[in-house]
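Chain order of the listed sequences is G and D. With the first sequence counted from 1, adding 51 to any position gets you this note's numbering. Just so it is clear: in the second sequence, position 55 is 38 by this note's numbering, and no numbers are missing.
Quick caveat, the hints were computed from the structure, so don't treat them as lab data. Worth double-checking, as some hints may not be accurate.
To be verified - Some chain D residues well away from chain G (every beta-carbon gap over 12 Å; in silico):
id, residue
1, GLY35
2, ALA78
3, ALA80
4, PRO101
5, MET112
6, ALA203
7, SER237
What the hints assert, rightly or not - Covered, in the sense of this in silico footprint (three residues per stretch, anywhere, with C-beta under 8 Å from a C-beta of chain D), are these stretches of chain G:
id, region
8, 57 to 68
9, 141 to 149
Claimed, not checked - Output of the computed footprint for chain D on chain G, the stretches with three or more beta carbons under 8 Å from beta carbons of chain D:
id, region
10, 211 to 219
11, 271 to 279
12, 358 to 370
Note that the coordinates shown come from a computational prediction; the quantities given were computed from them, not determined experimentally. Backbone N, C-alpha and C fix where the C-beta goes; we use that ideal spot for every residue, glycine too.
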Amino acid sequence: MNLKEWIFTTDHKRVGVLYLIGSIAAFGIAGIMALLMRAELSTLGPTITSNPATYNVWLYTHGAVMILGFQIPALTGFFANYCIPLMIGAKDVAFPRVNALSVWLFYVGVILACLTFFLPDPPDVMWTGYPPYSIMTTGNTAMYSFTVLILGFASIIGGVNFLTTVAYMRAPGLTLNKLNIFVWCTLAAFVLQLIFVPVLGTAVTLISMDKYLGTHFFDPAAGGDVLTYQNLFWFYSHPAVYVIFLPFIGVVYEIITAHSKNMVFNYKMVVYGGVGGIVALSGVVWVHHLYVSGMADWLRIGQMITTLMISIPVGLMMIGLIGTLYKGSIAFTTPMLYALGVVFLFLIGGLTGVPLALPSLTIGVSDTYYVVGHFHYVMAVAGTFAIFGGVYHWFPKVTGKMYNEFWGKLGFWLTFIGVNITFWIMMDVGVKGMPRRYYDYAHFPQFESAHQWMTVGAAILGVGFALAVLNWIMGAINGKKALDNPWGSPSLEWSTVSPPPHGNWPTPPSVSEDWHPYGFKKD
Amino acid sequence: MAHDAHHDHHGDAHGYDHGHAHWDTSIWPFVISFGILFLAVAFSYQFVYHNGFAAILCLGLAVPMIIAGIAGWTSEAMGKGEGLSYGAMGWFILAEAMIFVSFFVGYWYTRLHTEVWPPAGTIELPRLMPMVMTAVLVGSSLTIHYAEHLLHLGNKGGFRLWYLVTIVMGAVFLGMSIYEWSHLMHQGFTISTNSFSTVFFSITGLHGSHVVVGLAIFLAGLPSVIRGDIDEGFMRTAGLYWHFVDVIWFFVVSQVYYW
């Protein structure tokens, strides 16, 4: 193996694998932060640290790295890079060097985020960086701004690259209505990135300018306004939810179709109604993050309505998944278990989210564990399950080898059980009044046993995720040789050898009139 | 070094046909990325830890790495079908436009939420200068359009002339901005005077940085313009970016100077 050809590679598959390695490493780091927080909360009073600032650093690293270092890069980095050119029959992306730039910027961003552990005065602003705290704190807010800016720039150039690739490099005959759902979803996510990441980039630049360069964007004494930041931040960060949701549900579509050997139920409804509807509405729901920040009523009520409306396209996408299962020949392989896990978790997360759209209820549960539990169900864990399922699904293609089914399933069940213990209890104590982000809960001693159960659940799910990662490492080293198309899928990425060589196919593929990525042969 | 050949043969002949696996590489994206890492660290040293020496050291690493990276990349990619692309530029401009949108929305939000506007310390902004600047920038948009038109007709000499005129006009615009800034700063109106000065300098500065990028793109194309082998696609793409910079200026001038 030639290391130089990996580090300086411009090939989309190798760039994708670099993304995967980096994002799984980031997942490990951020996961350890979560376990440290759970350990700290397992007893009343100081448990493993007596310094609340240390807890803040864990909280910051967990949130920032999980979202910006793990989920977004795994989905729009690994899966998009590896699968999109293969799914559209292209030999690479439109700008291979830009692709290499975005993966190395991603690494630089993760390195900056991890410098947190070594810096004096590490950033302690959560992943949101609200002023005035982020401007007044002695913590290093500049590191936060640069991390976000660099990762954001990496996503923007990635977005430009993939939108151009899909626009110009599809195989002959591959019309828009024959794109994989994953390709549609990811393109939509990239469009959202292009529109909204610059807004986040601006917001975080402004806090560092205020803190270090003497500007007054958020300084009321000089005529500035603090709420500007919250609006700019959530104007990006709510669509960011869809930047994660769309590709992960796309991955789940690929898994569920392939492992139930069935055509997507209502393809056009899913694409134009589901994906299109989410893109159309995603920019006008951000105020539901600010119900308690002092918004005008017309804005709160208006965005309550749009927030409730966006559950319609999301619902269409879920109906598409469940309809695809109907009369399919379902195989309960490891990736399929993860995909079905996503459907279950997303259902709970989605239904507990609907009440959060209502200002009257949200004012009561704002900043409680209910929000944390809901968020982890609907995005954090559902997204992570989709990523893990997707890695299992394409594992034979990427490595040319097979993972171990037994350990894969065991890992799934441990995670699934652990997740439901931790986050179900979290929502329960949240409704009963446990506030989030607290280092200690001396005022709420009645929740100690609930906290202990949550810690137990976290430990179980940690073991489950670790088993999955170990399973991949072992499988990549000495797994059995895999077939080129182990799932019998007509989708184009399975039509080349595993792992695909540079250039993907000896001769560029073209597709016939009656071909469809989900046109499975019935047994 | 990995000069070797990114897409030396662009068409069908790929490593695949050579019988052994050959994977394309380029060192420059890696170099630029880590240059940016040092840039971020330099900022922290200077402004957070007040360690000027370490900051200079990091800058000394960052700047050469980024410049070498961009130069190496440009020479590797120019003319190999992987330079600028019209379709990609459209998407990129969408992202760029959103940066301006967020600055403007932030400005509007702040301005409309404040009781007293302009805040204390604001001085009378010049009225004539921005008009002259507008004329120069709009003029340069017209000249680049005309240059493209001449290139399309095959008039290389005329194209070269109007291309150069555009660059000069862009540079004049930039010079006027700098003059204007220093003039205002001499009157005590700086970026940290109040929230309006913050908005004024950041929005005009952001626009100015885009003028610089536009000029850099033109300068990158200058060698091939002089040789006479400029790619029409490159011209169209560079022109599109320049028009974008021009259009944004209308918002800057109307919102920041004349409102």
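Cross-check of the supplied hints:
| no. | hint | verdict |
| --- | --- | --- |
| 1 | GLY35 | 14 Å, holds |
| 2 | ALA78 | 5 Å, violated |
| 3 | ALA80 | 8 Å, violated |
| 4 | PRO101 | 8 Å, violated |
| 5 | MET112 | 23 Å, holds |
| 6 | ALA203 | 15 Å, holds |
| 7 | SER237 | 20 Å, holds |
| 8 | 57 to 68 | holds (count 6) |
| 9 | 141 to 149 | holds (count 6) |
| 10 | 211 to 219 | holds (count 6) |
| 11 | 271 to 279 | holds (count 6) |
| 12 | 358 to 370 | violated (count 0) |
When each numbered hint is compared with the structure, violations occur for hints 2, 3, 4 and 12.
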